[in-house]
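Guided by the hints, dock chain B onto chain A, whose structure is given.
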Amino acid sequence: MNDTLKDKPVTLVVMLGLVCLLAGAALGLVYLVTESGINAREAEAKRDALLRVHPSASPDGFKLVEVKPDEDGEPYTYYEVYDKPLDDKMKKRIGYACEGRAHGYSSTIVVTVGLKDDGDTITGISITAQQETPGLGANCQKVESTEYIWHIVVPSGAEPETEPWFQKQFRERTVDSLVREGKTYKGVNAISGATITTNAVVRAVLDAVSTFREATGMGDVDAATSATATEWTDESERESE
Amino acid sequence: MSTPASQEFSKGLAKTNPVFVLLLGLCPTLAVTTTVRDAVGMAVAATFVLVCSNVIISLTRNFIPPRVRIPCFIVVIATFVTIVELVMQAYVPMLYKSLGIFVPLIVVNCIILGRAEAFASKNPPGASLLDGLGMGVGFGWALVILATVREVLGNGTFLGYKLIPGFQPALIMILPPGAFLSLGIILGIINWRRVRRARRRTTA
Chain A
1 MNDTLKDKPV
11 TLVVMLGLVC
21 LLAGAALGLV
31 YLVTESGINA
41 REAEAKRDAL
51 LRVHPSASPD
61 GFKLVEVKPD
71 EDGEPYTYYE
81 VYDKPLDDKM
91 KKRIGYACEG
101 RAHGYSSTIV
111 VTVGLKDDGD
121 TITGISITAQ
131 QETPGLGANC
141 QKVESTEYIW
151 HIVVPSGAEP
161 ETEPWFQKQF
171 RERTVDSLVR
181 EGKTYKGVNA
191 ISGATITTNA
201 VVRAVLDAVS
211 TFREATGMGD
221 VDAATSATAT
231 EWTDESERES
241 E
Chain B
242 MSTPASQEFS
252 KGLAKTNPVF
262 VLLLGLCPTL
272 AVTTTVRDAV
282 GMAVAATFVL
292 VCSNVIISLT
302 RNFIPPRVRI
312 PCFIVVIATF
322 VTIVELVMQA
332 YVPMLYKSLG
342 IFVPLIVVNC
352 IILGRAEAFA
362 SKNPPGASLL
372 DGLGMGVGFG
382 WALVILATVR
392 EVLGNGTFLG
402 YKLIPGFQPA
412 LIMILPPGAF
422 LSLGIILGII
432 NWRRVRRARR
442 RTTA
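Chains A and B, in that order, give the protein sequences. Sequential numbering of the first sequence, starting at 1, is according to this note's numbering. Sequential numbering of the second sequence, starting at 242, is according to this note's numbering.
Chain B on its own, in the form it takes in the complex:
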């Protein structure tokens, strides 16, 4: 069942996954994937901003003069990020504390500006919503995978629960090099599989 609507959503999950394929938004990807909990919080916050800004930008795409579209995108995105920040501060202070500076930095997450420019400013609101949701979920699962690898190896825990008694975690995995190492290896596996699949298709 490949209706265009479901494709708008599902393309963000795998085919054009923002992290693993487009390699966008790498700053939060590398920075907040030290624990799965932070990764989920970041993914939810970014998805909310992505969906809302996509819809608003899509709705206003016919009124905003093209020459000032980028500043308008930034204002819309920054507004939603500030909303997320205030709401988080008021209702989930623990998460707000642990994400710290990376909440305001969602403003400069290039996935959000990228989708606004590449998709929402040219497509109707419904499709933009699905696109934002798909990209957000794609960003989310990529973050969770990376965070799982790093939290398990670097901290010996998953979602704050210890896994193996007596396991000495490798600190490097929660340090910045660990982020590059795990992301590089994951990207390597994905690309290797893709190349292999493509080759099989051509020979078949």
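Bound-form chain A, shown alone:
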């Protein structure tokens, strides 16, 4: 290629287009290879989350239920949870699992919430998506380390902790006990340096439960709780994280 041709606008456009085309083709190829892996991981993560929020459920005991509020409304989905596999006649419903979301510090936090049959007691929560600040808000998914460095050489023999400490504190709590107290929620230990994320997770839990109750007609979340849940918006939340 000589220099005059190289500087023509047409060459510039063609070259840039060619580079983009090749890049697109390469990406398409990689996507084809990784797509099944990504989907499998997502399905796995979803199943793990459901089992985590309902530890006493059967791994095959989750029934997807779809509710349509009206003709053209978005369908709402939740899970009915059984203690035995779905095809077992002796199965008994032990609760529900639903999903809620709230905006945290830098991302939308998605939480799966397990509820007992009364629709009020939380069996567990699992944060399934968040992009909060690493080292701060992202610690909502952090599993507390119990192993000391010498346990690499001398195993401690203790069962390793698998559940993040922050999510563990929601177990066996009633939804109505999640009330605002000052800057945080009553009885919810905040993540250090991440008050906004902490509160967003609680709001996501409340969101999950209130949309679930609304959709299934189980009655509203206690008026006081839902009022405080909507009252303070992000504005009162602009503290430092």
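If you are wondering where the hints come from, they were derived from the structure by calculation, not from laboratory data. From a predicted model like this one, the values you see are computed outputs, not experimental measurements. Keep in mind that the hints are not guaranteed to be accurate.
What the hints assert, rightly or not - Some, not all, of what chain A presents toward chain B, calculated at C-beta under 8 Å:
#, residue
1, D7
2, Y31
3, G37
4, G73
5, E147
6, I149
7, I152
8, P155
Claimed, not checked - Computed, partial: chain A to chain B, Cβ under 8 Å:
#, residue
9, L16
10, V19
11, A26
12, A45
13, Q131
14, G135
15, Y148
From the three backbone atoms N, C-alpha and C, an ideal C-beta is built for every residue, glycine too.
Same frame as chain A, but now just chain B:
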């Protein structure tokens, strides 16, 4: 044994270390050094992108018209970053989760664009590969040092293992100020040593 090839590699480790000497790529350096594990993951991902983009840019350096070289660099870099993102998502979801937004942000890591412009677009592929590898490893060890300081002091752990029973970690070290403090002190030590060495050489 100071063949030019080994120099292309080793210059990134110390003499022109991207973080400690060139002060490039400070955004990921400050942001993902809260744990050693994240730092290693970030270093591996960035090194992969750096090496691949260096090689591709070096191979195409004679075809790409100079006037559109920067957009071409960006397209190449963004492509490799997306590849890393997809692969991470499919095979190491835990790391993908904890690095979060900083994986796509590798695109704007100025070490990568800097090496593409300053080195790969002017040198043959072999040298560019070594340059990318050296810079990547240099970036990596800088990240690991900073992350070690911050994780040990700010979280009381190393690679997720606790170190000293009853140690109350100083939260500030894993907050943004901790990143500036540790980086500043490390840079101070490095510069102090360099000045001292240079002075000794002139007096000798």
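Find the hints from earlier in the document that the structure breaks and name them by number, from lowest to highest.
Violated: hints 4 and 8.
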